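Asker: Since the structure of chain A is already known, use the hints to place chain B on it.
For the record, the sequence lines run as chains A and B. Here the numbering used here is used: the first residue of the first sequence is 1, the next is one more, and so on. Here the numbering used here is used: the first residue of the second sequence is 1001, the next is one more, and so on.
Hints are computed from structural coordinates only; laboratory data are not their basis. Computed from a predicted structure; not experimentally measured. Beta carbons: idealized from backbone N, C-alpha and C, even for Gly. No false leads were mixed into what you were given.
Residues on chain A that point at chain B, a partial pick, calculated with CB under 10 Å: (1) Tyr51; (2) Val122; (3) Asp130; (4) Gly146; (5) Leu156; (6) Gln160; (7) Asn263; (8) Ile265; (9) Ser360; (10) Glu361; (11) Gln369.
FRET-style restraints, in silico, Cβ to Cβ: (12) B/Glu1041 <-> A/Asp346: 53 to 59 Å; (13) B/Gln1081 <-> A/Glu287: 35 to 41 Å; (14) A/Thr348 <-> B/Gly1048: 42 to 48 Å; (15) A/Gln369 <-> B/Glu1065: 28 to 34 Å; (16) B/Thr1028 <-> A/Glu287: 42 to 48 Å.
Subject to a maximum C-alpha distance of 25 Å in a straight line, what follows is the list of computed SDA-like cross-link-like pairs (lysine to any residue): (17) A/Lys107 <-> B/Ala1086; (18) B/Lys1045 <-> A/Pro264; (19) B/Lys1045 <-> A/Ala268; (20) A/Lys113 <-> B/Gln1081; (21) B/Lys1045 <-> A/Pro259.
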Amino acid sequence: MKYVDEFRDPFAARGVLAAIARTVDAIGAIKEKPIHIMEICGGHTHAIFRYGLDKLTPPGLEFIHGPGCPVCVLPMPRVDEAVEIAERNGVIFTTFGDAMRVPGTKKSLLQAKADGADIRMVYSPLDALDLARRNPNRDIVFFGLGFETTTPSTALSIQQAAAERLTNFSVFCNHITVPPPIKALLDDPFMILDGFVGPGHVSMVIGTHPYDFIARDYGKPIVVAGFEPLVLLQSVLMVLTQISEGRAEVENQYARIVPEHGNPISIAACNDVYEPRDSFEWRGLGEIDKSGLKIREKYAAFDAERKFGIGYAIASRALAEPDGCRCGDVMTGRIKPRACPKFGRDCTPEAPLGALMVSSEGACAAYYQYGGAQLEDVA
Amino acid sequence: MCLGIPGRIVAIADETRKLALIEISGVTREVNVACVAPQDEPLAKLVGSWALIHVGFAMSLIDEEEAAKTLALLIELGEAQAEIEAMRASAGEVVAP
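Extracted from the complex, chain B is given alone in its bound form:
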């Protein structure tokens, strides 16, 4: 909860609800990007950016190097795997009918 996990914004899923698809270590899921949305510009501008994701919300845009460092650290702390598993499980549940 404390540590955000870095993910890459790969597509915009819902402009009104401010949802984007992000990829985190091979898992793709919807996240809310309201907190990092560019002012007066379409969300599409975010595609390709890296962000720190906390519980499904992008809280800060970061550069690729920061993303790699943070992910390496989370792996060392043993936090990354649990986070990615939780995300995978929930992504599966949301997709299921």
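So that you can see chain A by itself, here it is in the shape it has in the complex:
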């Protein structure tokens, strides 16, 4: 376990934590008037809670948990549309396991499966392709979910289906991109964000330039970070140092994985298959311009929305969230999870009401699992 010891090195961590405390002091941030740093990626949110980084850092530094958990930002009407497709005759609906328990307005995919719909959990869109080859008389639909880490895999699968002339494979495309919601949050007058920890694996695909606008147009620093706790702390320190020195730049702390220009093969596949939607609905954030991807006309035969006449393919879509659910306010950092009246009572990881409680990357599930609620009361 040499490697585990390495990134749990208490001496190194102590050094970085001391430097963070000094820098927060130098900036003059205190508990009543903290510096707000948003970690965009749900994987970072999970790591922050798992290692208690929010407790180890000074009260003058507050983490705002960003919208970077694809399952958590999936609005209920999209789940309803997924269920509607899954319940069509002849359909085998395939999905990542994460999405099974996300509530729709009527039911989740898990409930739809119990009601008889042929819904199968897959690890990869490759598994959905394989089902399509082996079941020529069934319509195989893949629930395309995720940010730029998974968009290329769906794009390459659609290209493969086209190359094989498969006519029974289509994608219900819910792929979303990281930069537009960041812009939306920066444009929100109620949000106070002083800097960002940028996503590691998303950036591995898209590179660091898509974040240039954050520094250039909004004057905020962003540091692309890996997931180890020490690395995360170092990245937070880099953001704070920029703030204290009055700089706003895009820095890459994860350069061994994240090339400046991303992965060219992934980018080319995505550009070939998708184009931005005019707007896409995010749970808690509403419709955001150019934030979702749709399948281009040339691959229309593989687009489940067109094939089944559902979702953005029809004019009027219903919008709904459950009563009293405050996922949106948590997502935008307006309230902490425990301030939601449903938290821990009507909404738990076993029986989630809101999407933030479903995935281990969701802020509410992380709070619940690691006791953030109680600890914060004491603090």
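Answerer: Just chain B now, kept in the frame of chain A:
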């Protein structure tokens, strides 16, 4: 979905479809290696390399130390087991007639 899991490319399964066999913590399954394919060279060059795998696609080549660190982290976060189970289940389903 967010965090890739490290795996070792052990064989090339299908040059045209750009599929390779990778081993992740004792589970072997097919993954697509298009995104890490070497330019103008056979895929066989990848055999023995470590890669970060996202939903069945190799997205980045990494060294062995990075692979070990990432796997240890995923285990600590409790993410590795679910990922490997999902992979095992799907691998089983694909192999079954």
